[in-house]
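As they're listed, the protein sequences go chains A and B. Take 1 as the starting number for the first sequence in the working numbering and just add one per residue. Take 1 as the starting number for the second sequence in the working numbering and just add one per residue.
No lab work stands behind these hints: they were computed from the structure. If you're wondering where the values come from, they're calculated on a predicted model, not measured in any experiment. Any given hint could be a false lead.
Because identical chains cannot be distinguished in the list, a pair is counted as satisfied if it fits within a single copy or across any two copies.
Dumping the calculated EDC-like pairs for lysine to aspartate or glutamate here, alpha-carbon to alpha-carbon at most 20 Å [stated by the list, open to error]:
(1) K15 x E40
(2) K198 x D130
(3) K106 x D14
(4) K198 x E94
(5) K37 x E68
(6) K15 x D195
(7) K106 x E84
(8) K198 x E45
(9) K106 x E33
(10) K109 x E29
2 protein chains.
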Amino acid sequence: MAARASSKTSESSDKVSVICRALRRAIIEQALEPGAKLPEDALGERFGVSRTIARHALGQLAAEGLVELRRNRIAVVATPSWQEARDAFDIRIELERLVVRQLAGKLTKAQIAELNAHVDAEDRARGGADAVSIRLATEFHILLAHMTNSPILVRYVSEVAYRCCLTLSLYSRPHSTECAINEHRAIIAALAKGDAAKVMELMHHHLDSVANRALVAPTPQRGRDLLDILAPYADEVTSNRVVKLPKIARRG
Amino acid sequence: MAARASSKTSESSDKVSVICRALRRAIIEQALEPGAKLPEDALGERFGVSRTIARHALGQLAAEGLVELRRNRIAVVATPSWQEARDAFDIRIELERLVVRQLAGKLTKAQIAELNAHVDAEDRARGGADAVSIRLATEFHILLAHMTNSPILVRYVSEVAYRCCLTLSLYSRPHSTECAINEHRAIIAALAKGDAAKVMELMHHHLDSVANRALVAPTPQRGRDLLDILAPYADEVTSNRVVKLPKIARRG
DNA sequence: AGCGCTCCAATTGCATGCAGTTTGGCTTCC
DNA sequence: GGAAGCCAAACTGCATGCAATTGGAGCGCT
């Protein structure tokens, strides 16, 4: 028996949604790096729509955490801090444990075949671009979420998985996908067998190891948050000499 | 020591954000019932902004799942199905277990005082409007999430908690807040004591019992989704007799 | 009465225009 | 040489206007 009755969750075909999808994909495939500027004008022109639409799309992506929006400033691709990346993975672990708990032993043969086919695709993509491997791996997890037929769960898993994608591009060293693929296969097997506890443990370990492999320590230099990086240095300067750095320094 | 360093997570002061907050509150306090229409014009006029802004706000709320947006149709307050409500609570349980796991034993005295103060407020609100009690109870959980200083966690817990609020208004029988307040106090105590396992168990039980108390069985009649209710009948009709229900039925 | 049709008011989808803010370079002055 | 100040270009925030779609009232037909 299927995990649950069918239900639609696809995004509508608004121009806004189209642009959202395009940008989302560009971001997770790292065509747009974290920090990349996203001016409304440029987006509108590129996609052949008005600024209004581009703006709306940016709003949606900001709601998903893929884009940062500051008043009167150009929107940029989100640059999650290391801590945020770690938080995202923690949340993801819990959500995906829930996914496999709901799915264990409840998948149809067809669904299992679909999962296996996806992993086969991941396998074939080995050796190709890292970005593609990462995207496929992410989509495996989203495919799982879809099978719960819980639209809310799908949304949250998708969002947090995309965010994790984003952070992988920031903090990851060259990706090794081999074991990830094997772990995907193990998860499918355990799901088919119906061992909920086992598959939750597998998923937990899988995500945890991906996170640990990727998020290598607080990586001081790639931490990106200039303010944080310079804080200790700034402390030294400001406490010993002057109060304000740029304006009054010349008077001292 | 505080659970983590400070971080800002508040919504900006755009007109859009202001309207979002207003609508969100109206929805969770049931001033706007599920299914209520939200025409852009009316919203814009009411809040003294243009349709553009109202529209954008609706988009954000739709991303949060509080509003349903269908192309070329008037936006309406979301009407989650019973199953979606149950799913939301399942997700919420996992997320909030994570919250208290992170918080156990890491709260400052000031934070504990803040939590106690909030529960006191809940206590004082007893006997008042149900909607207010529910909102305060929800805000207790969001307050907890804030103390993790994980913006992502705050966002997800807030969203899913609001959704649960919404479903409570749909499926709940008259709310009994007494035990919920006691359970909140128990959670604070366990957090202060630092017993992570205990507080996770408490939170799990707390949310589960709220859900079970509220989501009384699939309540066939209040299920609201006419299509679902009629599905079995329609199956019978379409498979045995004719293809379309309204147009051809009269000919049979 | 019941059913279908037509047409109009209501409403959304989207582009454009204008005002206010930020950015970055240029000039000026030390 | 380098910092402060100024100015124009770039960009966002928002309102308004127009075309397209919807839904429902009214009307005629059976």
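Hint-by-hint comparison with the structure:
1. K15 x E40: Classified as both; 14 Å inside a copy, 18 Å across copies.
2. K198 x D130: neither (29 Å within a copy, 42 Å between copies)
3. K106 x D14: So K106 and D14 fail the 20 Å test inside a copy (34 Å) and across (46 Å) alike.
4. K198 x E94: both (15 Å within a copy, 18 Å between copies)
5. K37 x E68: Within one copy only: 10 Å inside, 31 Å across.
6. K15 x D195: For K15 and D195, the Cα distance exceeds 20 Å both inside one copy (43 Å) and across copies (50 Å).
7. K106 x E84: between (34 Å within a copy, 19 Å between copies)
8. K198 x E45: neither (51 Å within a copy, 56 Å between copies)
9. K106 x E33: Close neither inside one copy (39 Å) nor across copies (35 Å); limit 20 Å.
10. K109 x E29: Neither, since 31 Å and 45 Å both go past 20 Å.
In summary, the numbered hints that this structure violates are 2, 3, 6, 8, 9 and 10.
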